[in-house]
Amino acid sequence: MTSRNASATRQRILEQAKRQFAQHAYAAVTVKGVADAAGVSPNLITRYFGGKDGLFLAATRVEIPVADSFGGDRSGLGARLAASIVRRWSGAPGEDPLLVLQRASGERPEAAEALAAFLDTNSLEPLRQYLRDSGLDDADARARAAAIDAFVLGVSTRRRVLRSELGDPAELEAWLAATIQRLADG
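According to this note's numbering, the sequence shown holds residues 1 to 186 in order.
What the hints contain is simulated information worked out from the structure, not anything from laboratory work.
Do not take every clue at face value.
Claimed, not checked - Here are the simulated distance ranges between beta carbons: (1) R88 to A112: 48 to 54 Å; (2) G33 to G167: 27 to 33 Å; (3) D140 to R88: 25 to 31 Å; (4) E125 to R61: 39 to 45 Å.
As the structure is a computational prediction, the values presented were derived from the model and not from experiment.
Where is the CB? At the ideal position from N, CA and C, for every residue including glycine.
Please work from the sequences and hints to get the whole structure.
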């Protein structure tokens, strides 16, 4: 097997794993099921990822470009964040590792810890810093960032994990924008 084929095979396995972990709970996903969907032997999952836990960790690497929403005045923060959030939530379920972590966090302590650490580092802290840089004192920036973080996580859990439906994306974006803006403005 050439390096290029190995890389493509690994990527195909990872794409199937992301899709399956996003659509089903961790316990319901099997190495054999992922391997079958990727058209490979289960042995390759062990070779590339060390087994199901390694595959799960690889499938849940998350990147959220929240900093893209911070380029501008605080008065437009709600609209910028809402557009970014709805764009992410409207993608295919298998394309969002954050959804995988949300769904798995109730049954896998490491998923809950990974989700909390990720949100603290990549969402809560940059938002707090942005709000502080926009003129709020640190305590107020911290409180408003925590409120926005909790609100978005709650809506995400309610609409994506518990119901698996978002409703009309334009309506959702408008509602999120207005609510986030109210939280940012205090």
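- Can you list which hints this structure breaks, lowest number first? 1, 4
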